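K.L.:
What follows is the residue order along each chain.
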Amino acid sequence: MPYHQFKVSECIPERLHHAVDKGADEDLTDALPLGYLNTIPGTISERGCAYCGAKHVIGTPMKDVIHLSHGPVGCTYDTWQTKRYISDDGNFQLKYTFASDVKESNVVFGAEKMLKKNIIEAFKAFPQIHNMNVYSTCATALIGDDINAVAEDVMAEMPDKKIFVCNSPGFAGPSQSGGHHKINLQFLDQWVGTGEPEIYSKHVINYIGEYNIQGDQEIMRDYFLRMGIQILATFTGNGRFDDLRCIHKAQLNVLECARSAEYICDELRVRYGIPRMDIDGFGFEATADSLRKIGYFFGIEDKAEQIIAEEYARWKPELDWYAARLQGVKMCLWPGGSKLWHWSHMLKTEMGINVVSVYTKFGHQGDMEKGVSRCEPGTLAIDDPNELESVEAMYELKPDLIMTGKRPGEVAKKIRIPYLNVHGYHNGPYKGFEGWVRLARDIYNCVYSPAHSLVHLDISKDEIPTDKGFATRESLSDVNLSDEIKNSTELREYTGDYDPIPRLRKKLEENQYTFPDPVTGEWRQVPLETIKRGKIVDVE
Amino acid sequence: MDNKISQEKMAQLEWYITKHCLWQYNSRGWDRLIQNERILTKTKQILRGENAKDDDTTADRYYWSEAMSLQGAFKRYFPWVAEMSKEDIAQILDLLKERMDHTMVHASLNQELVKEKY
Numbered sequence: 000m001p002y003h004q005f006k007v008s009e010c011i012p013e014r015l016h017h018a019v020d021k022g023a024d025e026d027l028t029d030a031l032p033l034g035y036l037n038t039i040p041g042t043i044s045e046r047g048c049a050y051c052g053a054k055h056v057i058g059t060p061m062k063d064v065i066h067l068s069h070g071p072v073g074c075t076y077d078t079w080q081t082k083r084y085i086s087d088d089g090n091f092q093l094k095y096t097f098a099s100d101v102k103e104s105n106v107v108f109g110a111e112k113m114l115k116k117n118i119i120e121a122f123k124a125f126p127q128i129h130n131m132n133v134y135s136t137c138a139t140a141l142i143g144d145d146i147n148a149v150a151e152d153v154m155a156e157m158p159d160k161k162i163f164v165c166n167s168p169g170f171a172g173p174s175q176s177g178g179h180h181k182i183n184l185q186f187l188d189q190w191v192g193t194g195e196p197e198i199y200s201k202h203v204i205n206y207i208g209e210y211n212i213q214g215d216q217e218i219m220r221d222y223f224l225r226m227g228i229q230i231l232a233t234f235t236g237n238g239r240f241d242d243l244r245c246i247h248k249a250q251l252n253v254l255e256c257a258r259s260a261e262y263i264c265d266e267l268r269v270r271y272g273i274p275r276m277d278i279d280g281f282g283f284e285a286t287a288d289s290l291r292k293i294g295y296f297f298g299i300e301d302k303a304e305q306i307i308a309e310e311y312a313r314w315k316p317e318l319d320w321y322a323a324r325l326q327g328v329k330m331c332l333w334p335g336g337s338k339l340w341h342w343s344h345m346l347k348t349e350m351g352i353n354v355v356s357v358y359t360k361f362g363h364q365g366d367m368e369k370g371v372s373r374c375e376p377g378t379l380a381i382d383d384p385n386e387l388e389s390v391e392a393m394y395e396l397k398p399d400l401i402m403t404g405k406r407p408g409e410v411a412k413k414i415r416i417p418y419l420n421v422h423g424y425h426n427g428p429y430k431g432f433e434g435w436v437r438l439a440r441d442i443y444n445c446v447y448s449p450a451h452s453l454v455h456l457d458i459s460k461d462e463i464p465t466d467k468g469f470a471t472r473e474s475l476s477d478v479n480l481s482d483e484i485k486n487s488t489e490l491r492e493y494t495g496d497y498d499p500i501p502r503l504r505k506k507l508e509e510n511q512y513t514f515p516d517p518v519t520g521e522w523r524q525v526p527l528e529t530i531k532r533g534k535i536v537d538v539e
Numbered sequence: 000m001d002n003k004i005s006q007e008k009m010a011q012l013e014w015y016i017t018k019h020c021l022w023q024y025n026s027r028g029w030d031r032l033i034q035n036e037r038i039l040t041k042t043k044q045i046l047r048g049e050n051a052k053d054d055d056t057t058a059d060r061y062y063w064s065e066a067m068s069l070q071g072a073f074k075r076y077f078p079w080v081a082e083m084s085k086e087d088i089a090q091i092l093d094l095l096k097e098r099m100d101h102t103m104v105h106a107s108l109n110q111e112l113v114k115e116k117y
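First to last, the sequence lines map onto chains A and B.
Just so you know, numbering that gives the first Met the number 0 puts 503 at position 504 of the first sequence, and the rest follows in order with no gaps.
Just so you know, numbering that gives the first Met the number 0 puts 59 at position 60 of the second sequence, and the rest follows in order with no gaps.
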């Protein structure tokens, strides 16, 4: 695997070891991009900061929490809302964001008094919310505000309130990943073990590294509940603060995004002996294997197999409809961290898509190990590319689409390459069986968009064809398809709902799930309130 | 079994692991060695029809679950696995373990593997 030299980065020699071309008969011991290093002077990368990683990625998906940034207002605004980490109880965490709004005078004279006032004011404005995360920022970390002391002070005055202090200022690491690390361990140290949960099933997991983007967590929650598994807490998508205090009581940590949350799993393994099981919730085979593995752990593999059979029967003909039309599509898979390895092999085997490049903005070398292993020879793997490198790669590789976030996505659009937002999603959820079909549908709509094909015409110089009539996606995608596939009565387009989440929430409200009693093992229903908001007893 | 054949068969199993599994990527080298040892040993034991449960801890149950999943996938993907003798299984799985230790730890270029703390 030779390192890849970008022409635009010849003047920045340090960049050479951040990109490789995967060779046919080579392995990870031949070459591996460097990763998780400080941004090199002279190159502008697309990373977030450690504060953003802590707050935006990990902290804010917690649903019954006031998220307050102790810093200038821009910090909180720029980490607000953009990821669509929804919750099933009203989206408080998306509707509101809070900042202490630090100004110059606070930097000179200190901002602790103002912070205390603001915390109390926020709690009083939203009396139904009893938990708060306070995030330090660069400014307040540098002036040395003691946020922990302020939080202790407030909790003494308001004993029914709980405050988690996240000390992860923007400069505390090369990228957002530094913030992932800090919030994982700080939450564990400050709050895990302070609650005793109500256990209602024989099988108890934490679902870790899952952020409920457009309902991903709720898709997977349905599978787990159908298996009779109690989800003690989700770290952190759609997660309750109190549930997260109890994660030391699970039998198994099911880890989805290792990049953002392996730290808390590893520490729970060391401190409490809870095993860590990494899973892939994207793709049919990967999801099936994951459910099967969890089934083995609890001795309920028959339940897993039943779900797999039902989901395959329901959704596989729809996946295959898109797969028949996506064969050979060229894609740059440029997400933030984990999706490059969650997706690259499944996109190839289940949709026929050729991933020609993977990149990560904030991933570590471990992420590149997974990503490079799972993609095909010839793929260009890039760590923390700058914008010029991304543009050079797009011109060179000529992908049919880019799957990335909105900032690099806008760059792609400007050079007329369609992009799908795989951070906040276009029409997610993308997880599980149904979610994977929705992703296939979004890719299909993106690649074969008749409207997008018009961007290749430059009205200032190109001759506009007037002999071409109306086009549809299908008329573009089906040109080379066999009659057998075109006329198949088994394959069909996505027939699910515009938004599948209300259906899953209704199912939960109807309490259709059963669980084995923790003591007797007898399968029975559990009160809905217990499933949704189990009792937590405070412990010292 | 001829060494060349066993190497070829081992490479097929390695291919499956690199494309489908995540357990080999724990972030520290010592951790990876434990994962390789526990999961591949149990996979070998299950494929040879032997007891693969050491104790009643959740840790052991976790390794066993990964091994159960892996051996099932090996049989699905490579029908020759189910027809091998116990000796051949041992030979190939031992080679696989050696190979995984080599690529994922001893010859790995991942600079984080030697860090002390998580």
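Hints may be right or wrong, so weigh each one.
Stated by the list, open to error - If you want the ones that stay clear, here's a sample from chain B, every Cβ over 12 angstroms from chain A, calculated: (1) K3; (2) D30; (3) L32; (4) S68; (5) P78; (6) R98; (7) M103; (8) E111.
Claimed, not checked - As a list, the in silico EDC-like pairs of lysine to aspartate or glutamate whose alpha-carbon atoms are at most 16 angstroms apart: (9) A:K115 x A:D152; (10) B:K116 x A:E266; (11) B:K18 x A:D152; (12) B:K18 x A:E375; (13) A:K115 x A:D77.
What the hints assert, rightly or not - What the simulated footprint calls covered on chain B by chain A, stretch by stretch (three residues with Cβ under 8 angstroms from a Cβ of chain A suffice, anywhere in the stretch; the number is not a length): (14) 9-19; (15) 85-92.
Derived from the structure by calculation, the hints contain no laboratory data.
Bear in mind the structure is a predicted one, so any value in this text is a computation, not a measurement.
All residues carry an ideal CB built from backbone N, CA and C; glycine is no exception.
K.L.:
Each hint needs a verdict: does it hold in this structure or not?
P.N.:
Consistency of the hints with the structure:
Separation of K3 (chain B) from chain A is adequate, the least Cβ-Cβ distance of about 16 angstroms exceeding the 12 angstroms criterion. Some Cβ of chain A comes within 12 angstroms of the Cβ of D30 (chain B); the nearest lies about 8 angstroms off, and the non-interface call is violated. The Cβ of L32 (chain B) lies farther than 12 angstroms from every Cβ of chain A, with a closest approach of about 15 angstroms, so its non-interface assignment holds. For S68 (chain B), the shortest C-beta to C-beta distance to chain A comes to about 4 angstroms, within the 12 angstroms cut-off, and the non-interface label is violated.
A cut-off of 12 angstroms between C-beta atoms confirms that P78 (chain B) is not in contact with chain A; the least separation is 18 angstroms. The non-interface label for R98 (chain B) is inconsistent with chain A: the shortest C-beta to C-beta separation is roughly 9 angstroms, within 12 angstroms. Against the 12 angstroms criterion, M103 (chain B) falls within the reach of chain A, whose nearest CB is about 8 angstroms from its own CB. Listed as a non-interface residue, E111 (chain B) fails to keep its Cβ farther than 12 angstroms from every Cβ of chain A; the least gap is roughly 6 angstroms.
Distance restraint check for K115 (chain A) and D152 (chain A): the Cα-Cα separation of roughly 8 angstroms lies within the 16 angstroms cut-off, and the hinted pair is therefore satisfied. Distance hint between K116 (chain B) and E266 (chain A) is fulfilled; the C-alpha atoms sit about 10 angstroms from each other, no more than 16 angstroms. Restraint check for K18 (chain B) and D152 (chain A): the C-alpha separation of about 52 angstroms exceeds 16 angstroms, so the hint is violated. Restraint check for K18 (chain B) and E375 (chain A): satisfied, since their Cα atoms lie roughly 10 angstroms apart, inside the 16 angstroms limit.
Proximity of K115 (chain A) to D77 (chain A) is assessed by CA-CA distance (about 23 angstroms); at most 16 angstroms being required, the pair is judged violated. Counting residues of the region 9-19 of chain B whose beta-carbon sits less than 8 angstroms from any beta-carbon of chain A gives 3, enough to reach three: the coverage restraint holds. Look at the region 85-92 of chain B against chain A: 0 of its residues bring a Cβ nearer than 8 angstroms to a Cβ of that chain, fewer than three, so the hint is violated.
Comparing the model with each numbered hint stated earlier shows that hints 2, 4, 6, 7, 8, 11, 13, 15 do not hold.
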